Amino acid sequence: MMPTTAGTVLHCDLDGTLREIRSDGLGISSVLEIARRLDHQVVAKDAVMARDFIAASKRDGAAFNWMFAIDLAEGPALFRFDGSVFDGGLLVIVGRPKAEAATSQKAIDAMSALNNGLVNRLREMARAAPPAGMGDQRSPPPFTAREHEVVVLLLDGLSNHLIARRLEVEESAVKARLRTIYRKLGVASRAQAVKALLG
Amino acid sequence: MNMVLPGTPNGAEIAALGVEAFYSHHPSAALRYPAGARDACRRDMLMHLIYVEAAAALDSLPLLIDYLAWVRALIGNLGLPVADLRPALDCLAQAVEAVRGSQGQDTARLLRRGLRELDRLPPEFASLACSGGPLTGPSAKFLAALLAFDYPKAAAILFDAVEGGADIAATLPDIVGPAMREVGRLWHRGQITVAEEHAASAATQVIMARFYPRIFATERRGPVLVAACAEGELHEMGLRMVTDQFQLGGWETHFLGASTPPKAMAAFAARSGAAVVAVSAMTVASVPAAASLIALLRTSPGGNGRKILAGGYPFSVDQDLWRRVGADGTAADGRQALALADDWVR
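One line per chain: the protein sequences are A and B, in this order. The numbering used here puts the first residue of the first sequence at 1, with every later residue one more than the last. The numbering used here puts the first residue of the second sequence at 1, with every later residue one more than the last.
Hints are computed from structural coordinates only; laboratory data are not their basis. Remember, it's a predicted structure, so these values are computed and weren't measured experimentally. Backbone N, C-alpha and C define an ideal beta-carbon position, used for all residues, glycine too. Be aware that a few hints might be false.
Said to hold, decoys possible - Ranges of calculated distance between the beta carbons of each label pair, as one might list FRET restraints:
1. SER189/A to ALA166/B: 35 to 41 Å
2. GLN336/B to GLU124/A: 23 to 29 Å
3. SER189/A to ALA35/B: 32 to 38 Å
4. ARG121/A to VAL345/B: 25 to 31 Å
5. ARG121/A to ARG323/B: 32 to 38 Å
6. ARG86/B to ARG121/A: 42 to 48 Å
7. ARG298/B to HIS161/A: 51 to 57 Å
8. THR180/A to ALA267/B: 42 to 48 Å
9. ALA35/B to ARG165/A: 52 to 58 Å
10. GLN105/B to GLU124/A: 54 to 60 Å
11. PRO9/B to ARG179/A: 56 to 62 Å
Unchecked claim - Take a look, some chain A residues computed to stay more than 10 Å from chain B by CB distance:
12. THR180
13. TYR182
14. LEU185
15. ALA191
Using the sequences and the hints given, assemble the complete structure.
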């Protein structure tokens, strides 16, 4: 579970939105804005409302599965979150990459570096997938091109429904691909899959 | 070449010395700054020092002048007194001489020459990075969506552009490249914050990652490209886009990302049998590191017969720079880079 963190944290979600957030230990308490399109969904100091906030963001297609946060009060502490809603908690730390973050400028740079790392990871995953029509010539291929499409959107925080719409396939097809992805990753849930994909 | 890498010893000392000299020689100027501005001045002075010393190490007056013009315009855009730049940098020149001895004299001489040249430039010139016309077409729409935080729309603009089988290699860089340059200009003009600038570039890169399944579906015919940013260089999007164009051009590509440790790059290039390595530096400050990396690549295993491409903004400003850092060539964009490399391996 997430340790409580008081102070100002900077969050960056997968689609690049940066926000400065006052945290009172709940994880999210209120949103200072950079994310203008989200600022009407300000979260009160209330777990239920915070949960609704995350759910609404996900419904709108906003990426919430990935967030990078830097505690400016603590200095060089940087966390990677999975925004899944947990019992009694809101965010789960899935990684704690090393990064210097003594100032907000450094924090922003650090988040950019993490974002770049993600993109490079996606690039490597696409390379590992066999080109369409060439069959499984490499072993073991982590994902096929079709599964890779789903992985990208999964990491982007999209729901099954939105992934299906984006790829113009049935939601059941998305679920089937996700099952294969989970099996290949050796995990049982979406949150675990995100964690495994983040390494 | 006399390489002085960023973060060289005494950098902070020289910057502090320059700031103290400025404050004591120009007490009236100092009065214009709020209390506590001295720390910010030291930070700025250190940045000037890093750029000036890099330009001096590369013996590049064009890069120095381009930087000075960029800084002068930035100061004006921030509403700070532009007239203070000249005396402040004169103080920096003296401080460099005082601390660095004969090597510092070369740096100071170049800086003073650069300042004289700057005086001759029209005040509206704000570096090559800020030149060029307004955005039009899909680029303008893409940027508008990014700045409105409407990432689904930004993504749709890119996907629509390649709808119906249009060439990704020919289409995406033409939309994204100009938009990213404009983001830089908007920040320089004080119209967006650094956070908005980073958000726009982060979102762009994540959106472009959605094209990877298509990009890697292209048949690969063999030659291997290994691409990396010089140590200390954090801007990686440009080189990644170039690398992607190679991938689409049938190469097998490996992108090692920002600030790659030279030994790791050399080892990887040898292991992967690279026919061409690409090294990127986006600011003059990281060009000396690019030169060191190239020197290492020449002497490390596999270096014989392997071609080295150097690229990034400084190579556009100083057109002969690629030769002086020891590369085999440079290119203004991915298309040119691919054509040149295809020629090399033919």
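Check each numbered hint against the structure and report the violated ones by number, ascending. Violated: hints 3, 8 and 10.
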